Amino acid sequence: MKALRKDWVVRHAPWELVLMRVLFAGALAYSLRENWPTFTSQPVPHGLGQWIDFSFLGNPAIFSIIEPICWVCLGLYAAGVFPVLSLGFVSFLGIGAGTLMNSQGAIGHTTQLIVMVATAQFLCYAWFAATEKNFLCASRNAHTWAADWSKVVIAAGYTVSGLVKLLRTDGEWLVRSPLLSLQLMKTNEMDYYNRLIEGQNFWADTFPRILVEQPWLAWIIFGSGLLLEFFCFLAMLGRVWALAFGAGLIVMHLTISKIMRLSFEEHMLLLLIFFVNVPFWAYWLAKRVRQSLRRA
Amino acid sequence: MYSGISSKTFYVYVQDAEGKPLPMLALFGVRTARAKKIYLSHLAEITDARGAKSSQATAEEERAAGEHLLRFLLGNMLPGQRAELRTKRVKLAHVHLSYARRRFEKKERIIAAIDVPPAQAKGAQ
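Protein chains in written order, with numbering that gives the first Met the number 0: chain A, 0 to 295; chain B, 0 to 124.
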């Protein structure tokens, strides 16, 4: 229990926090560029869209002005300078772009998690800037909180996703999972109609048939995904737990993108940055190797 | 992964006047998944008005929701994409997929069609 408590809060080294910010700034830049809406109206205002008209964001002329400002803001955030202003601006844009996308009569969740993480970090920085009365440079505590709350938001997102699956199916999600083969067929065909690029017939036709004929295979594949999602909050227990859940969920996303042609790049980037945390494990491994070489 | 699991589902895609599929994302800037959601939420709005579910929609109601989606897609095209649209009429295909008695079934039908406004149909043969 003592060891568990000790490991409960991960105290990241300052260099880890810098790398996390640099990588997260890169992920945000990628996400904004890839998902920037081209819509110029809000026919069915959703969420904040009911009070704020975000349709100006769909104007290419506005985007050409906003984009370089975004790069500057993300650079400042990565350097830990003016994080309240810089990340606040990017978070607001992320929320605005997502709201505009979701105000077209249909909602999606491609950028939801990454923008939620950015907003959580912004709130941490705002809180520390107000309490420490320093808006210019964030303290180490503020950076630590930002990283910790990013992980909380990611873990909560996955756990809620697992919970919703059970609630919507009266706990029978796993039993019914062989029927997901129908969704496999659908998503493969839908992806073809996006660009008229043929996929592999095996995933669109043969594999769904195998899944309904051999339900145990569906239970293993989808069941492991459900367990990873539902128990994702355990990733908060420490670095090893975070690594295990992060790597597991990335494998789950890669499997989904292969069999359903549905990609969640932003989610994988978040898991890679905050859960898997490659720089730390590379450092840890190098340290271990050096120590054993010295002993030899 | 999907939270709701059912033994039937559907999607929609757009065809040109000759019945050839048009690339939804490349041409209209909207993914097929989003197009389906727009169609479905408009259909639900129509059927809600008479207290029915969208799954109980009549052909007329489906046509109205389908035309709404086609108008939205044409209205959302960027100038560069408009030049690529070489048809005078667009049609909305509805593909129904189901699994029953250990068999997959696929049924496709056209539920709506509208003329492309003259300004947009410049390249049409």
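It cannot be assumed that every hint is accurate.
For the chain B half of the interface with chain A, some residues (derived, Cβ under 8 Å), not all of them [what the hints assert, rightly or not]:
#1 G3
#2 P22
#3 L24
#4 I37
#5 V94
#6 H95
With a cut-off of at most 20 Å between alpha-carbon atoms, the simulated DMTMM-like pairs for lysine to aspartate or glutamate come out as follows [claimed, not checked]:
#7 B/K90 / A/E188
#8 B/K90 / A/E264
#9 B/K7 / A/E197
#10 B/K87 / B/D15
#11 B/K105 / A/E171
Note that these hints are calculated values from the structure, not bench results.
Just so you know, these numbers come straight off a predicted model, no measurement behind them.
Don't be surprised by glycine CBs; every beta carbon is placed ideally from N, CA and C.
Comparing the hints with the structure gives:
Contact between B/G3 and chain A, as hinted, is supported at the beta carbon level, the nearest pair being about 5 Å apart and thus within 8 Å. Here the hint on B/P22 is kept, as its CB sits about 5 Å from the closest CB of chain A, short of 8 Å. This hint holds: B/L24 has a C-beta 4 Å from the nearest C-beta of chain A, less than the 8 Å allowed. Interface hint status for B/I37: upheld, as the beta-carbon distance to the closest one in chain A is roughly 4 Å, under 8 Å.
Hint status for B/V94: holds, given a least beta-carbon distance of 7 Å to chain A, under 8 Å. Nearest Cβ of chain A to the Cβ of B/H95: about 10 Å, over the 8 Å cut. The hint is violated. The hinted pair formed by B/K90 and A/E188 meets the criterion: a straight-line CA distance of about 18 Å does not exceed 20 Å. Simply put, B/K90 and A/E264 have alpha-carbon atoms about 32 Å apart, too far for the 20 Å limit, and the pair is violated.
At roughly 23 Å between alpha-carbon atoms, B/K7 and A/E197 are farther apart than 20 Å, so this suggested pair is violated. About 8 Å separates the Cα atoms of B/K87 and B/D15, which keeps this hinted pair within 20 Å; it holds. Taking the CA atoms of B/K105 and A/E171, the gap is about 26 Å. The hint is violated against a cut of 20 Å.
Consistency with the previously given hints fails for numbers 6, 8, 9 and 11, ordered from lowest to highest.
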